[in-house]
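Could you slot chain H onto chain L? The hints should help.
One-letter residues, chain by chain:
2 protein chains.
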Amino acid sequence: MKNIYIIGVGLIGGSFALDFKNLDKNLRVFGIDTNPNHLQEALDLGVIDEKATMDDLNHADLVVLAIPVDKTLEILPEILNKVNDNTVVFDAGSTKFDVCKLVENHPKRRNFLAAHPIAGTEFSGPKAAFKGLYTNKTNIICEVEKTAFKLQEATLQLFKDIGMRIRYMNPEAHDKHIAYVSHLSHISAFMLGKTVMEKEKNERDIFDMAGSGFESTVRLAKSSPEMWTPIFKQNKQNVVETLNEYIQNLQEFKTYIETDNFEAVFNEMKNTNRIKEILKGIN
Amino acid sequence: MKNIYIIGVGLIGGSFALDFKNLDKNLRVFGIDTNPNHLQEALDLGVIDEKATMDDLNHADLVVLAIPVDKTLEILPEILNKVNDNTVVFDAGSTKFDVCKLVENHPKRRNFLAAHPIAGTEFSGPKAAFKGLYTNKTNIICEVEKTAFKLQEATLQLFKDIGMRIRYMNPEAHDKHIAYVSHLSHISAFMLGKTVMEKEKNERDIFDMAGSGFESTVRLAKSSPEMWTPIFKQNKQNVVETLNEYIQNLQEFKTYIETDNFEAVFNEMKNTNRIKEILKGIN
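In order, the protein sequence lines correspond to chains L and H. Heads up: the first sequence begins at 0 in numbering that gives the first Met the number 0, then just goes up one per residue. Heads up: the second sequence begins at 0 in numbering that gives the first Met the number 0, then just goes up one per residue.
Next up, chain L with everything else stripped away, as it sits in the complex (with noise of 0.2 Å):
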C-alpha cells in the first residue's frame, strides 16, 4: 500500500494517518475533510501529506472513512463506486448493522471490510490525533468473510503491524454487546454531567468538592454530539433497551436505599465488584 486517503482528519483519522506512516515512510497520506479548517490543521500538523478531495480516490490504495455513521451511509456507496479494484475502503463507526446493510448488494462489496476500532479518547479533531492510540486495541471486524481475501489480509496486517488485536464479529451481535461497554456508558456520563451541572448552578461548589471520582465517572460527556447523535439513531432499539435495563437497576437500588434496605445495597454493589477481574482484563 503506497497512497492512503484519510476521509475525516479527526481523532480515528488522524491517528490512523500517523501510525500508518509510523510503519512506512514511504506511505503518501492524503486527507479529504469538509471542514477545511480541519484539513488545513491535519497538513500542519504533519498528520496528512497532502490535502485532496473525493475526485482523486481512484489514486486510492487504502481509504480510511472515519466520520460520523450517518455521513459513512451517506458517502460509502459513493466511495466505492470511485476506488478502482484493489482499493481497501473500510470505516471506523460505533455501529456496524446500518453500514454492512448498505452495501450489501454494491458491486465492490468486496472491495469493504466494515471495522470498528475500540479506540478513542473524549477529544475530537486532528490535534487531538495521536501516534499510538491503536497500540493493544482491539478492532472488532464484521463480515470479514464478505471482503476479498487479498484486501481483507493487507489491511489485517496493518492492524496487526500498528498492533491491534483483531475480532470477529457479526454485525447484529457488534451492535448489541457495543451497546452496553460503549453506548451506555456514554449516556450514563452524560445524564450524570446533567444532574449536577443542573442541580450545581454555581459552578464554584462543582469546582470545590468533584474528586478524581467525579471527573473519571463524568470523562465521557465531554464527547462530542456529532458523533454521538447518529450513533444513537443507528443503534436505537439496543440503546433503548440498555437504558431500559440501567434505569430499571437504578430504580431498584434507590428503593432498597428508601426502604432502608442496606443489606441489599451493599450486596449490589459486592456483586458488582466482580467489575475489578473483568476490568484486569481489559488492560
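Treat the hints with caution; some may be incorrect.
Which copy? The list can't say, so a pair holds if one copy fits it or any two copies do.
[As the list claims (entries may be wrong)] Derived DSSO-like pairs: lysine-lysine, alpha-carbon spacing no greater than 30 Å straight-line: (1) Lys136 to Lys275; (2) Lys269 to Lys200; (3) Lys198 to Lys279; (4) Lys198 to Lys253.
Derived from the structure by calculation, the hints contain no laboratory data. All figures in this text were calculated on a predicted structure; none of them were measured in a lab.
Okay, now just chain H, sitting in the frame of chain L:
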C-alpha cells in the same frame, strides 16, 4: 504534634500517615484497626510505626478517624472521652451532618474537627495508601467555629503543609452537594457495571469490546461496599433526591431516542459538553 494515632489504617488513614511522616520524620505514627491483618500489613509496609489500642489514645496529639461512617458514629464519643484537652480528633468521612449532630453537645466538642478530604481511589486497605494522595486536593471542613481555635489552626496548617486547599461548609450543604458530585457518581458506576455484567454473561465479550471509555465510567464500581453502604444510609435523603433527578434525565433522554427526536438528543449532549470547562477547574 508528636504522636499521631490513625484509627483505620486503610487508603485514607494510611495515606495521611505517610504524608504527615513525610513532613516531619520525628512524628510517631500509631495505628489502630479492628482488622489485625490490616494492622500488621500497615506496620510491615511502614505506613505506621507502631500498633496501638484505644486505651493508648490519652497519649495522642492528633487522632485521625478514617473508618466507615457508621463506625465513626459508634466510636467517636468514646474517642473524645479518652483524649486529653490538647488533642485534636478529625474524621475523614464522606457524610458530615450525622457526625456533627452526634457530638454537638459532647463536652469535648472543641477537640473535634469535622473534615472531608476529597481524595481517594477505588482501592482500599493499607496497601492502597500512598504518599501524595492529598496533594492539590480539597479538604472540606464543617463547623470549623466549633473546634478550639488553637487546635483548628494547627490541624489546618498540617493539611496545608501536605498540599491541601481548605474549604468551609456547613454540614447540611456539604451532604447535599457531595451527594451530586460523589455519591451519585458511585451509584451510577455501580449500576452501569451491574447492567453490563448481567447482560454479558460471557465475560470474553466484555473483555474484547470494552475500551477505556467503559473502564473510566465504571471505575468506581470497584469501590468498597463496606465503606459506601453506611454513606448511602447516612445521606439517604439527598442520595434519593439525586437518583430521582438522574433517573428522570435518563428517562427523558430515552424518550427522545424512542421518539426519534435526535435534535433533542444532540442538544442534551451539546449542553452537557460544558462539563469540560468545569472539569478543567478540578485539575
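Each hint, compared with the structure:
no., hint, in the structure
1, Lys136 to Lys275, "both (19 Å within a copy, 26 Å between copies)"
2, Lys269 to Lys200, "between (34 Å within a copy, 17 Å between copies)"
3, Lys198 to Lys279, "between (35 Å within a copy, 19 Å between copies)"
4, Lys198 to Lys253, "both (19 Å within a copy, 21 Å between copies)"
Checked against the numbered hints given earlier, this structure breaks none of them.
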